[in-house]
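There are 6 protein chains.
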Amino acid sequence: MFRHTDYLQFDVKPEKPDPVYAHKLQELIGGAYGEMTVTMQYLMQGWNCRMKGKYKDLIMDIATEEMGHVEMIATMIARLLEGAPATDSTKNAAGDPVVAAVLGGMDPQQAIVSGGGAMLANSNGVPWNGSYIVASGNLLADFRSNAAGESQGRLQTARLFHMTDDPGVKDMLRFNLARDTYHQNLWLAAIEELKADGLEDTIAPDDLLDEEHTEHATSLWHLSDGPDADKGRWAHGTAPDGKHEMGFLADPQPLGDKQSGPPPDPKLYATYDGALGEPSKPAFGTEKGVMGKIKDAVDPDPTG
Amino acid sequence: MFRHTDYLQFDVKPEKPDPVYAHKLQELIGGAYGEMTVTMQYLMQGWNCRMKGKYKDLIMDIATEEMGHVEMIATMIARLLEGAPATDSTKNAAGDPVVAAVLGGMDPQQAIVSGGGAMLANSNGVPWNGSYIVASGNLLADFRSNAAGESQGRLQTARLFHMTDDPGVKDMLRFNLARDTYHQNLWLAAIEELKADGLEDTIAPDDLLDEEHTEHATSLWHLSDGPDADKGRWAHGTAPDGKHEMGFLADPQPLGDKQSGPPPDPKLYATYDGALGEPSKPAFGTEKGVMGKIKDAVDPDPTG
Amino acid sequence: MFRHTDYLQFDVKPEKPDPVYAHKLQELIGGAYGEMTVTMQYLMQGWNCRMKGKYKDLIMDIATEEMGHVEMIATMIARLLEGAPATDSTKNAAGDPVVAAVLGGMDPQQAIVSGGGAMLANSNGVPWNGSYIVASGNLLADFRSNAAGESQGRLQTARLFHMTDDPGVKDMLRFNLARDTYHQNLWLAAIEELKADGLEDTIAPDDLLDEEHTEHATSLWHLSDGPDADKGRWAHGTAPDGKHEMGFLADPQPLGDKQSGPPPDPKLYATYDGALGEPSKPAFGTEKGVMGKIKDAVDPDPTG
Amino acid sequence: MFRHTDYLQFDVKPEKPDPVYAHKLQELIGGAYGEMTVTMQYLMQGWNCRMKGKYKDLIMDIATEEMGHVEMIATMIARLLEGAPATDSTKNAAGDPVVAAVLGGMDPQQAIVSGGGAMLANSNGVPWNGSYIVASGNLLADFRSNAAGESQGRLQTARLFHMTDDPGVKDMLRFNLARDTYHQNLWLAAIEELKADGLEDTIAPDDLLDEEHTEHATSLWHLSDGPDADKGRWAHGTAPDGKHEMGFLADPQPLGDKQSGPPPDPKLYATYDGALGEPSKPAFGTEKGVMGKIKDAVDPDPTG
Amino acid sequence: MFRHTDYLQFDVKPEKPDPVYAHKLQELIGGAYGEMTVTMQYLMQGWNCRMKGKYKDLIMDIATEEMGHVEMIATMIARLLEGAPATDSTKNAAGDPVVAAVLGGMDPQQAIVSGGGAMLANSNGVPWNGSYIVASGNLLADFRSNAAGESQGRLQTARLFHMTDDPGVKDMLRFNLARDTYHQNLWLAAIEELKADGLEDTIAPDDLLDEEHTEHATSLWHLSDGPDADKGRWAHGTAPDGKHEMGFLADPQPLGDKQSGPPPDPKLYATYDGALGEPSKPAFGTEKGVMGKIKDAVDPDPTG
Amino acid sequence: MFRHTDYLQFDVKPEKPDPVYAHKLQELIGGAYGEMTVTMQYLMQGWNCRMKGKYKDLIMDIATEEMGHVEMIATMIARLLEGAPATDSTKNAAGDPVVAAVLGGMDPQQAIVSGGGAMLANSNGVPWNGSYIVASGNLLADFRSNAAGESQGRLQTARLFHMTDDPGVKDMLRFNLARDTYHQNLWLAAIEELKADGLEDTIAPDDLLDEEHTEHATSLWHLSDGPDADKGRWAHGTAPDGKHEMGFLADPQPLGDKQSGPPPDPKLYATYDGALGEPSKPAFGTEKGVMGKIKDAVDPDPTG
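Listed in order, the protein sequences are those of chains A, B, C, D, E and F. Numbering of the first sequence is given in UniProt numbering, commencing with residue 1 and proceeding in unit increments. Numbering of the second sequence is given in UniProt numbering, commencing with residue 1 and proceeding in unit increments. Numbering of the third sequence is given in UniProt numbering, commencing with residue 1 and proceeding in unit increments. Numbering of the fourth sequence is given in UniProt numbering, commencing with residue 1 and proceeding in unit increments. Numbering of the fifth sequence is given in UniProt numbering, commencing with residue 1 and proceeding in unit increments. Numbering of the sixth sequence is given in UniProt numbering, commencing with residue 1 and proceeding in unit increments.
For the record, the hints were derived by calculation from the structure and aren't laboratory data. Careful: at least some of the hints might be erroneous.
It does not matter which identical chain is used: a pair holds within one copy or between any two.
[Said to hold, decoys possible] Heads up, simulated EDC-like pairs for lysine to aspartate or glutamate below, C-alpha to C-alpha not over 20 Å straight-line:
(1) K170 to E192
(2) K258 to D273
(3) K231 to D171
(4) K16 to D171
(5) K170 to D257
(6) K243 to E192
(7) K13 to D257
(8) K231 to D251
(9) K195 to D241
(10) K243 to E15
(11) K13 to D165
(12) K267 to E278
(13) K267 to D171
(14) K195 to D225
(15) K13 to E278
(16) K258 to D225
(17) K13 to D197
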């Protein structure tokens, strides 16, 4: 359960309106690496965490913090839109390139749909969606996604930091940059801790190594003609997981058969000349189609 | 430019058809962490790489490999669908729970739309889309995304490995698991190399640390009541970046003003009682709206 | 079955082209509250109406009218795009801010994709989609959605009315505003009529009131610190449904247990330290997993 | 800024797992009328509210409550998935229709992607997205959308109430039904209060009535042949807004000209035979295209 | 403007309910090649047609017909859902595989969201969207898209024809198949007529042939190792346009330079080692960045 | 399996940067008819082709070529973005309309998200998605889709050709136009060859003609009042398939019953007054609901 205070986590005080920048700032609220994403990613990870204690508590702390960041960006956008020329027509651009830039660079939906407020969309107006988040239950995989997400998010914030010279906007972004720095450190530390606690190892997930074809777990397949791919650490020496020697496969050859589909079912009307053999006829009666085959596998002697 | 051979990278030979599994396997081709995602993510990163040499060459090698994995999964799905009861009606389930499971668990579009082949969609039928990928130009941020993506991908493959007992399917997955293991090691090694080469440091991007509000770059804001959030390494000691001491803010308070938007423009019809002051009137003429303010900032003395 | 005449429902005669406005007007054709939405929402509601007579007939009348509105907006957009500088390059902006505004503010797809016509998308270019509509079969819920949709639609039309000074465009919008006024009145009247006819009461749906936990059906949970939430009619007196006294819960406390998931299935690789008890092992054989439990519930004595 | 407690708003205690129901329950978390929608709709409305006081405070109370409902449904789904046969293959259905139903009716992503937890998607696996919400700044329009949303949400909850016989699930739903009842009453009461406070009238927005073509604001256009459309209150008497007499237009005729686009720009390659006159030639030089026309409108005498 | 009659274009009378088939039939209403697509594709083409007369009139006839097909499929789905076990729980599958198939194979949203009616979505529940249609203004390109769309649509209908043995459903599909046959013939005939009328030639669009690099307009680049690609008519003889001789390029070589991006702007934080030269510095002042370069191109002597 | 060379298929050398054009060019990489679409459409068709030999080999050749076109457009976009004013603020537009046009017309995500590179999205920023492609297994239907796709793609390229005067951009487009010309010829030739080989006839699919209601396979239903619809070849003479005489139905009448749904299930809460008869009660026990009816159909005498 949540509680809310109207006071913002940090100051959100632009010195002057800037509707073009309000458009760009949408990326930080509704982009794939914006505040909505980290909020919902952490909430779902926290609720899906299968241990009591420090990891779950940590995730919920950060998730709750991020919701306050959505609030900050939404507020900043509304304030940057103050007095935006939402209701001026094209000809008002005559004689004034700044007006022209604003008319061209505004987000139409910030005026038409939300009446001067933020949208839940990115800087191109594409609505935020739930496929941006990941909460797999595996904390190593998820913390890597979190560290990656905070890296992309801080990168975008850093770029946006240079797209304005408004001291109030920059002041808020200095706070966001700092939190993103801490959050990167935090998830990197949490990855170390997972290993220290013996919960996860280096490869996610870590207990199928003996099932996999080990001979294919070690080398770079050289399939593009750039000549320097073998110059890096990934092609030599012990792997970061400490369990494999890494190498370079200079001229990899296909190991499989020729690509093809099975002969088609005539009732599906795939074009066919018989080249792959008899057409496939699924049957539930006397003929043996897929169900027959599955049933055979389950019960090899149906008459027994 | 690309070239293609019809021979598959590895064997793709299911022992028997299984349309329910063919449905689930869609996740590995068109899911957010499926083969299409890594293919396009690496291609775009490679094309967007701003250095000649080992990093670019590495990325293009892996990108080209992943395209062959899309091919393998698409082929596996087609082969698992051989003779699927695409054209049987509901009543055929009478007396046979396996048929019932198949009729319920098939992907309708694998029959109706693609005629017995894979779709470019996930295991719930949602089409793959370009927002799943990231190619930011910043190699540290991107390699973290790559390591995270390979972790999620291998995790999903591992789960799918347990959902079948078909030896042919399992054999292919043993290869995929192995490659995902190598790819995790590879991106982790590449992250180390970026630092060793002096190209990127621990925090992405790494040169705005002096701009940010450092006092907010260090501590966990405790906003959820789980009691153990301060038990982890993220709340104590030196941060992984070596530049911050990490701490715990047990009772964080809001640092900003009260959340509010500016007074509305009457022509946008936001409900208003004047509580925030005079309504905002944008103007291009005598009144000073946003454009006037921006112009003032640009040219403080328009009559000068 | 439908019939069509080429004559438009109302005049669509812009005085002059305006490609920036043509971009904004996309919101009224392909936005969440545009004409496509009301057309398809009413069609699906009408086809899904489970009564013969006035309600179904009403819905089909309005649905058929709205299709004509899609036609009007599509025509207006094409006419506003006449001679748009679709094929001019950036440098043509030199010396002319109006050209600059147009180059920046045009919808690229209106030229590249539709060759000077409307797209089936909103003012940010996001395609219209079927999740914008609702047709639940419950007329009270749906008529409320209709009244809400017409309110949002008229609001957007009113905002767009102020974004142009073209008398021909404004003339068409005066007609659209009028129809939206009537449609709001219409759905509000239809809601009254549903109650007068004894078909639906105030709460949708209205016959589960005796199933629900009544003690939680009456009061505002005060979870945000704004001090005036109890000043409104929603916190005092008889509810609009005439069946509840409304109140205010000043300090609501959680009524449930602590949030947690169940112990994980090891084959799903959720990180786990045993804190929630034994890992869950689904079984179809001797062990009792979920299926065993479900079967127990169905047939408590399988050997009986 | 937000705070969180791990204790749930209400009990979430299913008696037994039911993965098929866990699939259906996704609608309440990630469907167009699920808990994510009301959470984000109310948050954005609250942040975008342009008045201090009771309305803003009310919206934030409810928004904060709804976030706790997302948490409840996510937790219920995880608990219903305990021991789900995520890792069983198709042939396990042999001999057991309940297993068959579960294999067919499960959400594959709840196992493959989230490892036994909820997805941020609806019951068909389509991710939740930001276009489901509306926050227009106009409280009358938005409160109508809220009342409609709560009606659709309670309707779906009521349907889901009948799709299970698990007493623990039903107990939670009894709470959700009750809250949805209160929320419907609440928004209906708030609509009354807006009018009582003189902030909004019956038609949203309410101050353009004198601009619109009043003669078209009153009557039902009879465009479908159902004979009873004029039997309802919407075709007779005073409108709910008290400002119009409602009527019936039995044989509406088109009032506009014939539908057509303008002559095409040859560089856009629309097929053309000259039927609409000279092709349109945009020009920035001597010829007068759209820019010339716009410039004329702005400055009728460019040589003056 | 449109008019509607309640009578259906053709009989829609299933003999018995079949909720699994009702799920599959969604493809014909909301799939990429379903009735919504052809309806909206033809409407937008008709409204965007830049000639008076037979082509525009033809398109509008067919568009209006297709709307009636949406109505037919929506009605069929509702009738197939009569008495569907929407409100039964999983355990009801015990002992009855047909029930199991139905519980697994139903569309949950057809019950939860639409209350027993069709959704505006495909057979996997993905909402229909506006990007499925095309209306380019070029009739040759669009008529090809129409012929292709009708081909895919009829193919899907033919597959669905074999997935039921309900005589009433099959009767309706016999009508749909027939109309799709006519529509294929119709668009193929219209393509011939465009050429006969001298409006379009074989290649769309047909008047840039002299601009293109003709030497690359004739031969198949052999980039995959399948040995028979040169056995077809596309590698020999006169092209269908009558203007090119077609050939085969057995060993195509790249004609371009090495792939690379430009040196990055430091403020965008792309990882960089200087390998591509000096970082790019955009400037509006003394330095010459992109704007300076563009201005040079426009006005080579700014001081002149 | 694929291999890659860093050398581009053709020269990609813009003379100068142009960020507005870089925005528009997104349509050719991530639009519905851009290079991603043809790449993935052909790959999936090739992998799904059910014959060995020339058709499959052809498709794979072209698919592999198209991947190189994605690479070319992505490279061109990055080069056009060199030094783009990504990090300049709105006021820099003062005094310079070209800057204004650029600030308004840039794609914000090309700077914020990809750091000066292409996105996998169209010219309005909507991500490319898998529903743009089709691979049905039926080569006639698919080759028609391919010819249509190449027509739309070349049309868009032709429009973009006129939107720039950069000789380097135009040079690349001359190559793309030429390839699109060949590809149109190629798929048209392949359609002829399918018929010559006796694999497919004119109507897709071609073997259900005797099942369909032939009387409805021949005439244009005249449902819109444009008077010239019968003037074309589609209303007279032998159809292109050589098997039907085409005609004109001047006054088509509905052939079906009145549109209605079945009586609702009370537990789904559709508003109902009994007009359609007794409410539907699904049953698994003594009452006969849908399952009873289905079981009757399967086994008419369950006691026999």
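To see whether the hints hold, each was checked on the structure:
1. K170 to E192: Neither. Shortest intra-copy (33 Å) and inter-copy (32 Å) distances fail the 20 Å Cα cut-off.
2. K258 to D273: Answer is within: at 18 Å inside a copy they meet the 20 Å cutoff, but 42 Å across does not.
3. K231 to D171: neither (43 Å within a copy, 32 Å between copies)
4. K16 to D171: Classified as within; 13 Å inside a copy, 36 Å across copies.
5. K170 to D257: Between copies only: 16 Å across chains, 58 Å inside a chain, cut-off 20 Å.
6. K243 to E192: both (18 Å within a copy, 17 Å between copies)
7. K13 to D257: between (64 Å within a copy, 9 Å between copies)
8. K231 to D251: For K231 and D251, the Cα distance is within 20 Å only inside one copy (16 Å; across copies 30 Å).
9. K195 to D241: both (11 Å within a copy, 18 Å between copies)
10. K243 to E15: Neither, since 56 Å and 32 Å both go past 20 Å.
11. K13 to D165: within (13 Å within a copy, 34 Å between copies)
12. K267 to E278: within (14 Å within a copy, 39 Å between copies)
13. K267 to D171: between (66 Å within a copy, 18 Å between copies)
14. K195 to D225: neither (38 Å within a copy, 25 Å between copies)
15. K13 to E278: Answer is between; shortest inter-copy Cα gap is 18 Å, intra-copy 73 Å.
16. K258 to D225: Between copies only: 11 Å across, 24 Å inside.
17. K13 to D197: neither (43 Å within a copy, 31 Å between copies)
Hints 1, 3, 10, 14 and 17 from the list above are not met by this structure, while the remaining hints are.
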